[in-house]
Structure formats: structure tokens, C-alpha cells
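So the chains spell out like this:
Number of protein chains: 2
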Amino acid sequence: MPRSETIKISEMKIITSISAMQKFSAVLKKRGKTIGFVPTMGALHSGHMQLVKKCTLENDFCVVSVFVNPTQFGPKEDFNRYPRTFLEDKKLCDSYSVDAIFFPNAAQMYPGNHKTSITVNELSDVLCGKFRIGHFSGVATVVAKLFNIVMPTNAYFGMKDYQQLKIIEHMCTDLNFPVRIIPCKTVRESSGLAISSRNKYLSNLEKENSSKIYAALIQAKKMILKGNNSCSKIKNTIINTLKTIPISKLDYVSICDSETLIEKKSAKAPALIAVAAYVGKTRLIDNILIEKP
Amino acid sequence: MPRSETIKISEMKIITSISAMQKFSAVLKKRGKTIGFVPTMGALHSGHMQLVKKCTLENDFCVVSVFVNPTQFGPKEDFNRYPRTFLEDKKLCDSYSVDAIFFPNAAQMYPGNHKTSITVNELSDVLCGKFRIGHFSGVATVVAKLFNIVMPTNAYFGMKDYQQLKIIEHMCTDLNFPVRIIPCKTVRESSGLAISSRNKYLSNLEKENSSKIYAALIQAKKMILKGNNSCSKIKNTIINTLKTIPISKLDYVSICDSETLIEKKSAKAPALIAVAAYVGKTRLIDNILIEKP
Numbered sequence: 046m047p048r049s050e051t052i053k054i055s056e057m058k059i060i061t062s063i064s065a066m067q068k069f070s071a072v073l074k075k076r077g078k079t080i081g082f083v084p085t086m087g088a089l090h091s092g093h094m095q096l097v098k099k100c101t102l103e104n105d106f107c108v109v110s111v112f113v114n115p116t117q118f119g120p121k122e123d124f125n126r127y128p129r130t131f132l133e134d135k136k137l138c139d140s141y142s143v144d145a146i147f148f149p150n151a152a153q154m155y156p157g158n159h160k161t162s163i164t165v166n167e168l169s170d171v172l173c174g175k176f177r178i179g180h181f182s183g184v185a186t187v188v189a190k191l192f193n194i195v196m197p198t199n200a201y202f203g204m205k206d207y208q209q210l211k212i213i214e215h216m217c218t219d220l221n222f223p224v225r226i227i228p229c230k231t232v233r234e235s236s237g238l239a240i241s242s243r244n245k246y247l248s249n250l251e252k253e254n255s256s257k258i259y260a261a262l263i264q265a266k267k268m269i270l271k272g273n274n275s276c277s278k279i280k281n282t283i284i285n286t287l288k289t290i291p292i293s294k295l296d297y298v299s300i301c302d303s304e305t306l307i308e309k310k311s312a313k314a315p316a317l318i319a320v321a322a323y324v325g326k327t328r329l330i331d332n333i334l335i336e337k338p
Numbered sequence: 046m047p048r049s050e051t052i053k054i055s056e057m058k059i060i061t062s063i064s065a066m067q068k069f070s071a072v073l074k075k076r077g078k079t080i081g082f083v084p085t086m087g088a089l090h091s092g093h094m095q096l097v098k099k100c101t102l103e104n105d106f107c108v109v110s111v112f113v114n115p116t117q118f119g120p121k122e123d124f125n126r127y128p129r130t131f132l133e134d135k136k137l138c139d140s141y142s143v144d145a146i147f148f149p150n151a152a153q154m155y156p157g158n159h160k161t162s163i164t165v166n167e168l169s170d171v172l173c174g175k176f177r178i179g180h181f182s183g184v185a186t187v188v189a190k191l192f193n194i195v196m197p198t199n200a201y202f203g204m205k206d207y208q209q210l211k212i213i214e215h216m217c218t219d220l221n222f223p224v225r226i227i228p229c230k231t232v233r234e235s236s237g238l239a240i241s242s243r244n245k246y247l248s249n250l251e252k253e254n255s256s257k258i259y260a261a262l263i264q265a266k267k268m269i270l271k272g273n274n275s276c277s278k279i280k281n282t283i284i285n286t287l288k289t290i291p292i293s294k295l296d297y298v299s300i301c302d303s304e305t306l307i308e309k310k311s312a313k314a315p316a317l318i319a320v321a322a323y324v325g326k327t328r329l330i331d332n333i334l335i336e337k338p
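Quick note, the sequences are listed as chains W and D, same order. As numbered in the working numbering, residues 46 to 338 make up the first sequence, in order. As numbered in the working numbering, residues 46 to 338 make up the second sequence, in order.
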């Protein structure tokens with residue numbers, strides 16, 4: 046049903062309680078409406094808004110969640126300084142015709158005696174999973190919670206967080222959630238830098254330099270498409286480009302299967318090239334897909 | 046809404062596909078109907094039927110699942126010989142006015158690349174969890190799957206499997222499943238023996254002897270209500286009674302908190318007394334609650 050035919054809620058709702066969100070969604074579902082869902086940690090940027098745009102177009106109702114999920118941050122990670130900009134997020138959502146923001150607090154999402162965790166094995170152990178222990182378990186668990194709270198028809202995830210996307214897709218299939226996962230292309234600045242809430246941590250110079258990450262990925266993709274199958278040669282080319290940024294720490298450069306995320310022996314399509322590197326104190330990730338020609 | 050006012054499906058449905066079950070439930074939910082759910086591994090007995098009876102009384106529609114879940118059996122456990130009696134189960138369900146049986150096969154529930162598991166920490170590590178490694182993760186995962194497939198309003202679980210009940214309750218709360226868990230009292234033979242599908246493994250003599258398990262639990266409860274607070278004395282009394290069966294192996298006798306399942310230092314209400322013991326080759330469990338007077 047096109048959006049114009051839906052019963053339009055006059056004002057965007059801010060829903061802070063789990064039970065109120067569940068009631069809101071249950072009423073919509075009884076009316077036969079589709080619910081699109083964009084889970085976020087706030088600090089909304091044009092990457093998020095691309096998901097929101099697609100979500101409002103493809104569903105009768107669009108719900109955005111804003112929750113900085115503590116369980117997906119490691120003890121030494123940036124949970125405390127993660128940008129929290131709710132008033133701006135709210136304005137942005139309103140201007141994109143979002144119907145409701147689900148904005149719970151941590152005490153409500155994780156009461157003291159929370160004991161349940163969801164693990165998507167294998168997919169969570171590679172790439173970022175090697176460096177961010179427990180991260181993807183935190184992600185899978187909070188997304189399952191949000192699915193049960195928002196009860197979406199469709200849920201939108203960006204491909205910048207490619208491993209997260211694959212883990213959520215797999216969890217959703219394995220646990221039979223009646224939710225369709227919609228992957229959305231990475232949004233980039235004109236420089237090529239993948240847009241991320243963490244880009245706020247970068248100085249202007251760091252930001253300029255960080256655009257070389259994507260340049261290195263494009264260069265690598267070209268090598269593969271030209272028939273260069275040597276993973277080590279391609280990885281070295283990427284590493285040499287990254288050295289010019291300069292990066293302060295390289296977590297990984299990977300050429301892996303785009304579904305299983307297992308390292309490839311030979312760099313042939315279909316594949317994913319993925320990078321995680323620190324620029325100054327900021328950890329950045331990016332990736333590029335090599336699809337079969 | 047009383048059951049008589051619901052749209053009665055003329056014949057009980059046997060649903061074997063996940064997508065058909067989800068569609069069936071989605072249609073009912075859109076109509077505003079409540080769905081009661083009794084998950085089982087089949088081999089239905091009067092214990093199960095007590096849940097079914099309550100379920101049909103309290104909901105517009107009653108769905109029973111029959112699935113011998115491989116992931117909750119250990120490699121040396123009785124998965125292969127677990128009783129499978131679907132034709133009898135079907136007749137029994139029909140006679141209790143069940144609306145639909147969900148009867149999937151293992152290949153559908155666990156395709157080759159299943160990777161997701163749910164763990165309810167702490168509650169899964171004690172009592173039977175110490176002896177059946179991975180069992181409760183298998184249970185929690187399959188129940189989450191079944192909740193997403195059947196989408197029940199209310200789900201019924203027997204108190205004979207008390208630890209399972211507490212784990213499911215906790216998972217349901219932690220993951221915000223929009224499902225109410227309804228605990229149902231253990232059904233017993235006139236001898237006191239808790240009814241279980243595994244009782245089929247017992248010889249007549251073993252069955253007669255096994256009734257002493259409940260007798261021991263009652264005796265222990267009386268001791269506590271009389272003011273005897275020594276856990277070791279009470280446990281010894283139980284163990285001495287069990288020795289007369291005779292039992293072939295005792296997994297545990299526990300006096301624990303009825304919510305956290307943590308061993309109590311002093312045997313005071315509220316508490317749970319729980320036993321797991323082998324009679325011959327058959328592992329039996331039973332428990333009794335000591336509520337505050």
C-alpha cells in the first residue's frame with residue numbers, strides 16, 4: 046500500500062517504554078499495516094537517513110530506534126564518549142517523516158538480572174569478532190530484543206557494517222524471526238570516506254587521510270577484476286596505501302567469502318575485501334564487494 | 046473471548062512447514078485472536094494433556110508442537126530411542142479440541158548452516174545443566190524458534206521440568222518476547238510418580254520403585270516445614286530413601302532458591318527441592334516447591 050493511503054499519525058511519537066512500543070506495533074499489525082524498522086545508536090547521519098528514506102518508502106509505518114547499546118562495547122571501547130545527540134536526531138527523523146522513535150534507557154533494556162545472550166557462531170569469530178570480543182553477541186542479542194519490541198515487517202541495515210549485517214541475517218533465519226532484513230549500500234562522503242558516527246572523532250586532517258581507505262579498496266577491487274588472484278599481493282597493496290595515511294594500528298585486511306566470511310585462498314569474485322584500522326584513536330571499518338561479473 | 050464464540054476450524058490442522066505455521070498464526074493475530082501454545086516432543090501423556098486442557102480453555106486457538114529437538118540431547122543421550130508416537134499424539138490432540146499441530150522435521154528446523162544459539166547464563170549452569178552440557182542452550186534456542194514460528198499469546202510449560210521453565214521464563218523476559226509463560230503443576234500417577242514420556246523406558250518394578258522419589262521429596266518438605274533447616278540432614282534423608290529404590294546413579298539432590306536456582310545454605314521457604322537420578326538406564330527428575338507459609 047503506498048504511504049499516502051496509510052493512516053498518518055499527525056505527529057512523530059517518541060516512545061520510551063518497551064510495553065508502549067509493543068502495543069503501538071501490535072495495533073498496527075492488527076490493522077494489517079507493514080512496519081519498517083531502522084535500529085540505530087543515534088548520532089544520526091546521512092548514512093542512517095538513507096536507510097530511513099528507503100524504510101519510509103517501502104512500509105506503511107517507519108520506526109527508528111535510538112539506543113547506545115552498552116553490551117556491544119568492550120571495557121576499553123568508546124561507550125562513554127560515543128556521540129549522543131538526541132535532539133538533533135529527533136529533528137532529523139521528523140523531517141524524514143519517521144512515525145515513531147523508540148528511545149529506551151539502558152535500565153529498561155537490561156534490568157539487573159539480564160542473563161540471556163545470543164551467539165551466531167563462526168560468523169562472529171572472524172574479522173572484527175577477533176578484536177572486539179563479545180561485540181557481535183551484544184549486537185545479536187539487542188537486535189533480537191528490538192525485533193520482539195518493534196515487531197517489524199522489514200528491518201534496514203547498512204552494508205558498511207557488513208559483518209553485522211551477515212550476522213543479523215543469519216540470526217533472523219536461524220531463529221525464524223518473521224522479519225525481512227534489507228541491506229542498504231554504504232553512503233560515502235564525496236572523498237569516498239564511509240559515513241559513520243565515529244567520524245566525529247576525526248580531526249580534519251585525519252578525515253582527509255581516512256578517505257584513502259576506500260581508495261585502497263577500489264584499487265584492490267580493480268586488481269582482482271583484472272585477474273590478479275594473489276591474496277597476499279592484493280593485501281600488501283592495501284597495506285602500503287594505508288601506511289601513507291598514516292594509520293596508528295591495523296586490525297585486519299581481509300579477502301573473504303562474502304557469505305561465510307572465511308578467508309579466501311584465491312582472490313576471485315564473489316568476495317568481500319574488508320579493512321579495520323585505527324586513524325589516531327579512532328577505529329574505522331570499510332569494505333567493498335567483488336561480485337561475479 | 047470464550048472459546049465457543051471463536052471461528053471454529055472444523056478439522057484439526059497438521060502443519061508441517063514453518064512458513065505455513067507463521068501464516069496461520071499471522072492471520073489469527075490480525076483477527077485479534079489469542080493463540081495458546083504447548084511445545085512438546087510428542088509421546089503425549091496426561092501431563093501434556095493437562096497443559097493442553099488449560100491452553101484450550103484460556104485461548105481462542107490452541108497449537109501443539111511435536112518436535113523431538115536433536116540439539117537438546119547430548120551425544121550419549123536417548124535421542125534415537127526417544128518415543129515417537131505421532132499417530133497416537135494426533136488422536137489425543139484431536140480429542141482435546143486442539144486446533145493445529147505443528148509437526149516440522151529436523152531438516153527444516155535446522156538446515157545445514159544453522160549457527161545461532163541462545164544461552165541463559167547462570168540458570169543453565171546448575172542442577173541438570175551440570176550433567177547435560179548444552180542441553181538448556183538447545184532448549185532455549187528451539188523455544189525461541191517456536192515462539193517466532195507459532196507467535197503465541199500464551200505458552201504452557203510443566204513444572205516437572207522446573208529448571209527449563211525458569212530458563213524459558215527468563216529468556217522470554219530478557220529477549221522481550223511478547224509471550225506470557227504459564228507454568229502448570231506437575232501431573233502424577235496415583236503412586237506419586239511424576240508423569241514423563243521417559244517413564245515408558247521403565248519396567249513395572251522400576252516404575253513402582255520410582256514412586257519413592259516423590260515420597261522422599263514430600264518427606265523432605267515436611268522436615269523443612271517442621272523447622273529443620275539443615276540442608277545436609279534433609280539431603281541425606283532423601284538420599285537414604287533413594288538408596289532403597291535402588292537408584293543406579295544419583296546426579297544431584299538440591300535444595301535451592303526457587304528463582305535463582307542457587308543452592309541454599311539454610312533450608313527455609315521459599316525453596317525448591319530437586320532430584321535427578323537414574324533408575325536402571327532411565328534418568329528421572331522431580332521437584333517440589335516449598336512456598337512461604
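Misleading hints may appear alongside valid ones.
Where chains are identical, the list cannot tell them apart; a pair therefore holds if satisfied intra-copy or between any two copies.
What the hints assert, rightly or not - In silico BS3-like pairs for lysine-lysine, Cα to Cα no more than 30 Å straight-line:
1) Lys230 x Lys266
2) Lys310 x Lys160
3) Lys75 x Lys99
4) Lys313 x Lys160
5) Lys121 x Lys74
6) Lys294 x Lys99
7) Lys337 x Lys160
8) Lys175 x Lys280
9) Lys271 x Lys75
10) Lys160 x Lys280
11) Lys288 x Lys309
12) Lys267 x Lys135
13) Lys288 x Lys75
14) Lys309 x Lys160
Worth flagging that the hints you see were computed from the coordinates, not collected in a lab.
Checked hints:
1. Lys230 x Lys266: Close inside one copy (17 Å), not across copies (63 Å); limit 30 Å.
2. Lys310 x Lys160: between (39 Å within a copy, 23 Å between copies)
3. Lys75 x Lys99: Answer is both: 23 Å inside a copy and 26 Å across each meet the 30 Å cutoff.
4. Lys313 x Lys160: between (42 Å within a copy, 26 Å between copies)
5. Lys121 x Lys74: Neither: 41 Å inside a chain and 45 Å across chains, both beyond 30 Å.
6. Lys294 x Lys99: neither (35 Å within a copy, 61 Å between copies)
7. Lys337 x Lys160: Result: close only across copies, 26 Å inter versus 43 Å intra.
8. Lys175 x Lys280: within (18 Å within a copy, 46 Å between copies)
9. Lys271 x Lys75: Classified as neither: same-chain Cα gap 53 Å, cross-chain 54 Å, threshold 30 Å.
10. Lys160 x Lys280: between (41 Å within a copy, 29 Å between copies)
11. Lys288 x Lys309: Result: close within a single copy only, 23 Å intra versus 59 Å inter.
12. Lys267 x Lys135: Neither: 41 Å inside a copy, 61 Å across copies.
13. Lys288 x Lys75: neither (56 Å within a copy, 58 Å between copies)
14. Lys309 x Lys160: between (36 Å within a copy, 20 Å between copies)
Violated hints for the displayed structure, listed by number in ascending order: 5, 6, 9, 12, 13.
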